[in-house]
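*Asks:* Could you build all of it, start to finish, from the sequences and the hints given here?
With the first letter of the sequence shown counted as 1, position 399 gets the number 399 in our numbering; the numbers rise by one all the way through.
Derived by calculation from the structure, the hints in this document are not laboratory data. You can take every hint at face value.
Ranges of calculated distance between the beta carbons of each label pair, as one might list FRET restraints:
no.	residue 1	residue 2	range
1	Pro226	Asp368	38 to 44 Å
2	Ala167	Ala207	15 to 21 Å
3	Gln408	Ser208	14 to 20 Å
4	Lys9	Ala207	44 to 50 Å
5	Lys453	Pro311	36 to 42 Å
6	Pro436	Ser208	19 to 25 Å
7	Glu174	Gly348	21 to 27 Å
8	Thr57	Pro122	23 to 29 Å
9	Leu218	Asp123	24 to 30 Å
10	Lys2	Pro436	41 to 47 Å
11	Arg404	His286	32 to 38 Å
12	Lys453	Thr375	17 to 23 Å
Straight line, CA to CA, 25 Å or less: simulated BS3-like cross-link-like pairs of lysine-lysine:
no.	residue 1	residue 2
13	Lys43	Lys2
14	Lys464	Lys453
15	Lys9	Lys43
Cβ atoms here follow ideal geometry from the backbone N, Cα and C, with glycine treated the same way.
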Amino acid sequence: MKSFLLVPKESIETQARPGVRGTAQGERVLSRSTALRFSAAQKAPDALTALGLRSATLPGMKPEVSGQAQRGRKSARGKKASKAADATPLPGAPVSEPIGAEAGSYRFMPLIGATMAHFYSPDAEAAARGELAAEFEFIPDVVPLSFPGPVSAGQTGPRNRGMSSLATREWPDESGVPLAHAQGIRGAGVMLGILDTGVDADHPEHASKTIQFRYVSLFPNSPHNPARDVRGFDPDGHGTHVCGIAAGVHHGVAPEVDLYAASVIESETIRTSLGRVAAGMEWLLHQFSRPENASRPAVVNLSLGFPLQPPPGISEADYLLNQRALQAMLRRLLDSNILPIVAAGNSGPDTVGYPAAFPEALAVGAVDFERNVATFSASGAVGRRVVPDVMGYGVNVYSSTERRCNNQAFYERMSGTSMAAPYVAGIAALYRCRAPDLTALEVRDLILANAIKLPRSANHRTGKGLAVFR
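*Replies:* So this is what it looks like as structure tokens:
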């Protein structure tokens, strides 16, 4: 099986535009534009259906799999696929998608203007390319994305050192967080989306609010392994820590935001794929574009990225296609008046990864609570683009992680730009709470304009300085 994200070429080539509010006409009350409606987008699902691929977008009977197919009714095209489905995997074998006798499957994602397609045979892929290659990029879903995991930066004690919440939040007065909370600005009315390993919805830091949660499976666009909305969980703890920094009841920067968390990263490998990120992004846009949410301000936090160089076995052409597709998704967020905030990475100075290097992203580096730049904080330049844009507290940050089987809740100090990014996302939510009519780009400019300048560093770039609320 081969998997491709089919993206209209006009979508990838279109530059980001200002959000629907704050336009030249000065409109301030228009509903969210869910996405640019590219004329070619609908052609992909229509063509794939005609070629015999099964839609995972619409409900219906599952194809017969795992030896249940009636061999007398097999088509010539489906024999090879059914044979693969009948095989019983050996213990320890790689996880693979169960497939039926159809030529493949696909899911149309109109809000990001893309279609994820799985081809079960070379003939099906070749036929699809013949129909669609003139207008669509076939982006192979082969380049792994991973989050910049927590790093050791002066941490003390075992992982479960903090078994209870601190008495007060640790955000310094200079951050502006105590001032905002004293003024009643706590993120109410703002939607915060987080793509990470998940969130423990029953941790004391999060249990008092309703968290919209989606688990995006290993094969999110397959009719056999659909993504699903369930009670929030997190087998790793990273996503719970990130959510606690941005939106935790006891320690969060913006504790009253409405939280939307999509689990798109596996705890075992800390990796994900372009297809899973696309599915998570489509779900967020769907949630944010509901009638009751369409005019509400929103922020999205991403602590994930591509490796700095193409991995072994991945061509540079495929690597660049994956990058361009992820950049197009960030543009769709800005088109929909949603501010994307991303971690710069933990590989140190003179390293720039993606999506942090995309101009559509607000890239965040890490400092400690004394304003010293963390040694691991990534920085650099790509052409005229300097990374990071701004800094956030990302060293020994205290937040929620996990619970044990007896319901004992743990908190932990973690370090990384993955911790700095949700701090800045919380600051953005405070600004959007105070002035919900500002566009995403206006909020970005406000964060940059109000940042506290940092001393010049011989090794690191620090952007406009430390993000604060003023």
